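Sequence order for the protein chains is A and B.
With the numbering used here applied, the first sequence covers 1 to 316.
With the numbering used here applied, the second sequence covers 1001 to 1316.
What the hints contain is simulated information worked out from the structure, not anything from laboratory work.
A quick note: this is a predicted structure, and the numbers were derived from the prediction, not measured.
One should not assume that every hint holds.
[Stated by the list, open to error] No more than 30 Å apart at the CA atoms, straight line, and that leaves these computed lysine-lysine pairs for DSS-like:
id: 1; chain 1: B; residue 1: Lys1191; chain 2: B; residue 2: Lys1152
id: 2; chain 1: B; residue 1: Lys1244; chain 2: A; residue 2: Lys229
id: 3; chain 1: A; residue 1: Lys316; chain 2: A; residue 2: Lys292
id: 4; chain 1: A; residue 1: Lys229; chain 2: B; residue 2: Lys1229
2 protein chains.
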Amino acid sequence: MQALWLENNQISLREVSRPVKPGEALIKIRKAGICSTDLELVRGYYPYTGILGHEFVGEVVESPDTTWVGARVVGEINAVCGACEACLNGRPTHCENRTVLGISNRDGVFAEYTTLPLANLHRVPDSVSDEMAVFTEPLAAALEIQEQIQIKSTDRVLVVGAGRLGQLIAQTLALTGCNLSVVARHTFPKKLLTARGIRITSEEEIKPHQWDIVVEVTGSPDGFNLARKAIRPRGTLVLKSTYKGEMTVDFSSIVVDEINILGSRCGPFEPALQLLEKREVDPTVLIADEFKLGDVLKAFEKAAQPGVLKVLVENK
Amino acid sequence: MQALWLENNQISLREVSRPVKPGEALIKIRKAGICSTDLELVRGYYPYTGILGHEFVGEVVESPDTTWVGARVVGEINAVCGACEACLNGRPTHCENRTVLGISNRDGVFAEYTTLPLANLHRVPDSVSDEMAVFTEPLAAALEIQEQIQIKSTDRVLVVGAGRLGQLIAQTLALTGCNLSVVARHTFPKKLLTARGIRITSEEEIKPHQWDIVVEVTGSPDGFNLARKAIRPRGTLVLKSTYKGEMTVDFSSIVVDEINILGSRCGPFEPALQLLEKREVDPTVLIADEFKLGDVLKAFEKAAQPGVLKVLVENK
Chain A
1 MQALWLENNQ ISLREVSRPV KPGEALIKIR KAGICSTDLE LVRGYYPYTG ILGHEFVGEV
61 VESPDTTWVG ARVVGEINAV CGACEACLNG RPTHCENRTV LGISNRDGVF AEYTTLPLAN
121 LHRVPDSVSD EMAVFTEPLA AALEIQEQIQ IKSTDRVLVV GAGRLGQLIA QTLALTGCNL
181 SVVARHTFPK KLLTARGIRI TSEEEIKPHQ WDIVVEVTGS PDGFNLARKA IRPRGTLVLK
241 STYKGEMTVD FSSIVVDEIN ILGSRCGPFE PALQLLEKRE VDPTVLIADE FKLGDVLKAF
301 EKAAQPGVLK VLVENK
Chain B
1001 MQALWLENNQ ISLREVSRPV KPGEALIKIR KAGICSTDLE LVRGYYPYTG ILGHEFVGEV
1061 VESPDTTWVG ARVVGEINAV CGACEACLNG RPTHCENRTV LGISNRDGVF AEYTTLPLAN
1121 LHRVPDSVSD EMAVFTEPLA AALEIQEQIQ IKSTDRVLVV GAGRLGQLIA QTLALTGCNL
1181 SVVARHTFPK KLLTARGIRI TSEEEIKPHQ WDIVVEVTGS PDGFNLARKA IRPRGTLVLK
1241 STYKGEMTVD FSSIVVDEIN ILGSRCGPFE PALQLLEKRE VDPTVLIADE FKLGDVLKAF
1301 EKAAQPGVLK VLVENK
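Isolated chain A (complex conformation) (with noise of 0.2 Å):
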């Protein structure tokens, strides 16, 4: 089957070979996105060998368990050993021998087909279409802030960062109704959240220590540093985003100001699953472009490209 392959910080369309993983479903790709992680990984963010990509949507076309046989899913993308103290204490996502779809020792999805567990499994609704659905993986990691923290109606939430997650987080978190502005650089990013309701804020508008909540999406030190500038004593400063390298800190500031720094991965997809199946949020509106699998290098090189959200390549 055709495949991405990376090694080496390179990336290439390969001929290999079917996946075959007893106990596993074999899951036909049907619609696959390109994620920042995606582009980190291809820079040499970690180390990975392998078939890339994380974000899908698929048919199960074989399966220990024949009910799922034809089923429309999307999946977790960690595999766990449900023995480890982390699964045994209910964080399976962080299980101690976890491998990571397209990610850590587990072939991922800008192929034909792939593999995975049955229990990481989603069956897809009906009404919820594969453009949709491929944004299951992104969407739970946002609604994972909420999973995380508390959210009231009367905080003060800034969200730096307008990107692919960016833009699934500040749709998630206008949800809860809480006091929400978004800091947005480029025209069409901004236009979507504008087009929802969403307020937007310049960088120069950020007055000091006014947020209850900051949620950091753009991975980088100015990012860090606008939200660290923007978070109020006592707030929490979540991170959310892929950070290449080391970053300095100024912890005597965090202890004179009790801030709470808070990392945040992976998230729930039933709730993701079922945003979507209510419509309360949109995702589809950042698909900026959509390729064959046959050109998914195009899709990275669109991908890269500064001010475009997602890039989708279809298996067809």
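Put chain B on the given structure of chain A with help from the hints.
Frame of chain A, contents of chain B only:
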């Protein structure tokens, strides 16, 4: 009066005029304690010019409300405006216009007298000696951790550092019944912990990612790195120290492991006084030496020696 003056990283014993602050209580210092923050201020951690010192027990000698005159008191160190956003939202220790006793724009307590607003004062119960009461401020700082996060009896809690504040943190955390261990290096701090039935551990014994909550009290990069290694995914890493300069942190690992980094500073005085009154903690075991105010420079020399815990300064 005699006072310990800090200016340009130099401390000197000076004759200064007795403080006069209309509306505030005039307090005759009985005992004051030397804290790591004092030593850091002398090393230039923060630019402060004035009388040093913020841990004290004293006697009110003048007061706008005469019912306070003659009262033996301890005092909260943040003098606040009562009108800013932080004050109006229940975060007075983060008052935007605060002055801080012996730390920021307010003369401190290594002197014969100091002044504080009446709102900062707490009467010391008769059964609490001066030697105990002088620890109220750092004991309150230790209790701040429990104001910020819930410590469950099933939590595995590691305290990194067994110095002045580390000892008080260990004593207060032990009261929660949690599964507590303390990383200690020196013989005497170890002995104090063992005497209270608190488990000690060495750096080498710390297995990675096994602790639900880690309290970092060393203020050093080594201490932080050990704390970071020890904390489990989704655990809380409390920063409870004065940090010199900037620290470098691998933010990607904080995101991947969804770590919660929490700064922690000043805490509640009343619970601290209650613990002292009920003899549920015993800070007096930390006292290494006591000097008269005239010998305060010798007291600072002693306090800076490795392994020395609390040095008191007496004003009689």
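Here's how the hints hold up against the structure:
1. Note on lysine 1191(B) and lysine 1152(B): the hinted pairing holds, with a Cα-Cα distance of about 26 Å set against a maximum of 30 Å.
2. Proximity of lysine 1244(B) to lysine 229(A) is assessed by CA-CA distance (about 20 Å); at most 30 Å being required, the pair is judged to hold.
3. Taking the CA atoms of lysine 316(A) and lysine 292(A), the gap is near 8 Å; set against the 30 Å cutoff, the hint holds.
4. Between lysine 229(A) and lysine 1229(B) the CA atoms are separated by roughly 28 Å; this keeps the pair inside 30 Å, and the hint holds.
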